Amino acid sequence: MWETVIVNPFTNVLLMIYKLIGGNFGVAIILFTVLIRLLTHPLMASQIKGSTKMQELQNSKEWLDLQKKYKDDKEKLAQEQMKYYQSIGYNPLASCLPTFIQLPIMFGLYQSIMRAIAASPMQLLILSRAVYPFFRLADVVPLNSQFLWMNLGQPERVYLFGYGIPVMAILVAATTYIQSKVTLPVSANPNDQSAMMGNMMAIYMPLFMGFLTYSFASGLALYIIIGNLLSLVQYALLGKIYWKNLLPGKRPVPVQAGGKKK
Amino acid sequence: MKTKYIVLIGLLALLVVVLSGCASGLTASAWPAVMADANNAYIAGGPYVYAVNLQSGAQVWRFPDKPSTAAPFYATPTLTSDGQLIVGGFDKKLYSLDPQTGKSTWQFTDARDRWIGPVLATDSLIFAPNADYNLYVLNLKGELQWTFMADQSIWGRPVTDGTNVYFGTLGRKVYAVNLQTHKQAWVQTMDGAVLGSLVLGADNTLYVASYGGTLYALNTADGKTAWSKSASSTWFWSGPVLTGGNLYVGDGNGKFMAFPAAGGEKLWEQDLSGSIVGSPFISDTTIVIGTEVPGADTGNVYFLDSTGKIIRTLPLSGKDQAYGNPVGAGDLILMPLSTSDAKDPIMLAYDSTGAIKWSFIPPK
Numbered sequence: 001m002w003e004t005v006i007v008n009p010f011t012n013v014l015l016m017i018y019k020l021i022g023g024n025f026g027v028a029i030i031l032f033t034v035l036i037r038l039l040t041h042p043l044m045a046s047q048i049k050g051s052t053k054m055q056e057l058q059n060s061k062e063w064l065d066l067q068k069k070y071k072d073d074k075e076k077l078a079q080e081q082m083k084y085y086q087s088i089g090y091n092p093l094a095s096c097l098p099t100f101i102q103l104p105i106m107f108g109l110y111q112s113i114m115r116a117i118a119a120s121p122m123q124l125l126i127l128s129r130a131v132y133p134f135f136r137l138a139d140v141v142p143l144n145s146q147f148l149w150m151n152l153g154q155p156e157r158v159y160l161f162g163y164g165i166p167v168m169a170i171l172v173a174a175t176t177y178i179q180s181k182v183t184l185p186v187s188a189n190p191n192d193q194s195a196m197m198g199n200m201m202a203i204y205m206p207l208f209m210g211f212l213t214y215s216f217a218s219g220l221a222l223y224i225i226i227g228n229l230l231s232l233v234q235y236a237l238l239g240k241i242y243w244k245n246l247l248p249g250k251r252p253v254p255v256q257a258g259g260k261k262k
Numbered sequence: 001m002k003t004k005y006i007v008l009i010g011l012l013a014l015l016v017v018v019l020s021g022c023a024s025g026l027t028a029s030a031w032p033a034v035m036a037d038a039n040n041a042y043i044a045g046g047p048y049v050y051a052v053n054l055q056s057g058a059q060v061w062r063f064p065d066k067p068s069t070a071a072p073f074y075a076t077p078t079l080t081s082d083g084q085l086i087v088g089g090f091d092k093k094l095y096s097l098d099p100q101t102g103k104s105t106w107q108f109t110d111a112r113d114r115w116i117g118p119v120l121a122t123d124s125l126i127f128a129p130n131a132d133y134n135l136y137v138l139n140l141k142g143e144l145q146w147t148f149m150a151d152q153s154i155w156g157r158p159v160t161d162g163t164n165v166y167f168g169t170l171g172r173k174v175y176a177v178n179l180q181t182h183k184q185a186w187v188q189t190m191d192g193a194v195l196g197s198l199v200l201g202a203d204n205t206l207y208v209a210s211y212g213g214t215l216y217a218l219n220t221a222d223g224k225t226a227w228s229k230s231a232s233s234t235w236f237w238s239g240p241v242l243t244g245g246n247l248y249v250g251d252g253n254g255k256f257m258a259f260p261a262a263g264g265e266k267l268w269e270q271d272l273s274g275s276i277v278g279s280p281f282i283s284d285t286t287i288v289i290g291t292e293v294p295g296a297d298t299g300n301v302y303f304l305d306s307t308g309k310i311i312r313t314l315p316l317s318g319k320d321q322a323y324g325n326p327v328g329a330g331d332l333i334l335m336p337l338s339t340s341d342a343k344d345p346i347m348l349a350y351d352s353t354g355a356i357k358w359s360f361i362p363p364k
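Protein chains in written order, with our numbering: chain A, 1 to 262; chain B, 1 to 364.
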């Protein structure tokens, strides 16, 4: 099921792009990332709008009143919050959906990259079975997995004075941090739990992503870096980017009801 | 909030585990390969090389004592004229083993990638193809004599006629390298990668089956194509087998074919349905070949007569697959098997009728 729905289609699309552009796997991954971002843009836009709406409503008088009224009864507070969401037509899960969609894409892409590179006989045999009948695999085997200084099927290091520097993992961590910070509208409400969670994610997620790409094939790092950059473009196009959040000593930009930056 | 942190960290940890699983499932894996002498079969399968007694099917020895998890053996072992068993691993090491005891006498560790193709051993030299694009030429003591760097990985066994050594690459090339000068004599481009071994005919012709589905006959003197035939709509994995003036080869669609080596129309074709990865074993009366079973995660072994008529179809059990090359050993036909279950055999020994004489399940 996973193979049929995710890995095989991804592999075939990657190979088709690779063939179309004349055999550059790095560019194929970049174009594939752009394609995925275009296809998931409506979901992304919905997530961005949902997050902003969440911030707005958590700064609203009604919401703050609920917090005060049921501060000693967490269960009741949760029920009333759900009622409040329903009354204003807001679905809190809708904003999480794109994040969850990104995860299988990431897993699937990683497997597709490794499959397409087919560095061993068994991998090539699996690839031979995975390609669609109309695609002539012999035209692209073996894939050129070299891109810039990287072998996209291997973890990447740049050696300086005998030390292997994981440049791509560092770039992944940096772009993930920047993307988390500048897309994080901060609530004026000091008890806003989602904002606290967001701040925590902005610290842990770059570390996690950096660790992940330190250990895995650099093709995955390329996908994540390009994905982060495209994500910034998407936020910027929707006017929801807060560059000032990056400045040292600056508090993150609070969002008032109505979605305006203070 | 504390619970949320725990859930979040738990989810991140889960992600690491899942991705680790993805990676481990895609690391180097392979199917076994076998060869035999008068007493033993030698099978490179997974983390070990085994010697198996041909009479009893019992293990004589296995190498190494403690396997590296990252080092499955895939390349078919090769016996040298002075009695060494040469086999390379995915750990980038080429080993010389004593066929009697399984002890390593020397290791060659200069290669930068995996040993996938079997070596060619002559009276004085070992031609060892590696996935790092190099053909390493060693003496029988394992000392490097010279190397030749090709355009891509070499997965098939080289052949030599005493003037040149010939081999194919994944980069769709067939090379001839002069044994005196160690320089390229000629190079010829195919329509697809060359995964399998080449075959040298008695009439200075080199036969190649390409991943592009074409069968080539090249002149060894200059590499010019004597004839070629686009024989498959998919791929040829292993090299053809030349015997009795005919070439035999199977393709990714399960078509098993015979062609006259001199060129001309196909003699016959048998549709075995599932992909054919290995090269066949051919005796005077019998052809043995393994296939996948379409739509099922298992395989068949076919016994055909010399006209391609199916004599016996032998289904394999469980998820076993017959991707390797069957080989003859006295009265036996040895079929290496790829299996995902440690309780299943990695080699079956058939008699000429297809009856199983013994099976080899590696002891724990």
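In short, the hints are calculated from the structure, not lab data.
Every value quoted in this text rests on a predicted model; they were computed, and no experiment measured them.
Ideal placement from N, C-alpha and C gives every residue a C-beta, glycine not left out.
Warning: the hint list may mix true and false statements.
[As the list claims (entries may be wrong)] Some chain B residues near chain A, calculated using beta-carbon distances under 7 Å:
#1 30
#2 64
#3 170
#4 186
#5 192
#6 330
[As the list claims (entries may be wrong)] Each computed DMTMM-like pair below joins lysine to aspartate or glutamate, with the alpha-carbon atoms no more than 20 Å apart:
#7 A:61 <-> A:80
#8 B:173 <-> A:139
#9 B:229 <-> B:203
#10 B:92 <-> B:132
#11 B:319 <-> A:139
#12 B:66 <-> B:37
#13 A:181 <-> A:62
#14 B:229 <-> A:62
#15 A:19 <-> B:191
#16 B:183 <-> B:222
#17 A:49 <-> A:65
#18 B:224 <-> B:269
Quick one, are residue 181 (chain A) and residue 62 (chain A) close enough, alpha carbons at most 20 Å? violated, 28 Å
Does the structure keep residue 92 (chain B) and residue 132 (chain B) at a Cα separation of 20 Å or less? The hint holds at about 10 Å.
Would the hint on residue 330 (chain B) be counted as holding, given a Cβ-Cβ threshold of 7 Å to chain A? violated, 29 Å
Between the alpha carbons of residue 183 (chain B) and residue 222 (chain B), is the straight-line distance 20 Å or under? This hinted pair holds, its Cα atoms lying about 14 Å apart.
Verify the interface restraint on residue 186 (chain B): the C-beta must sit less than 7 Å from at least one C-beta of chain A. violated, 22 Å
Hey, does the residue 170 (chain B) contact hint survive, CB to chain A under 7 Å? holds, 4 Å
Could you grab the alpha-carbon distance between residue 224 (chain B) and residue 269 (chain B) and see if it respects the 20 Å cut-off? This hinted pair is violated, its Cα atoms lying about 27 Å apart.
Holds or violated: residue 61 (chain A) with residue 80 (chain A), Cα cutoff 20 Å? holds, 14 Å
Hint check: is the beta carbon of residue 192 (chain B) less than 7 Å from a beta carbon of chain A? holds, 4 Å
With the threshold set at 20 Å, check whether the alpha-carbon distance from residue 319 (chain B) to residue 139 (chain A) stays at or below it. Distance ~30 Å between residue 319 (chain B) and residue 139 (chain A) Cα, so the pair is violated.
Pair hint residue 49 (chain A) and residue 65 (chain A), alpha-carbon separation not exceeding 20 Å: violated, 24 Å
Hint check, residue 64 (chain B) versus chain A [nearest Cβ-Cβ separation less than 7 Å]: This interface hint is violated because 20 Å lies over the 7 Å limit.
The structure fails to meet hints 2, 4, 6, 11, 12, 13, 14, 17, 18 from the earlier list, while all remaining hints are met.
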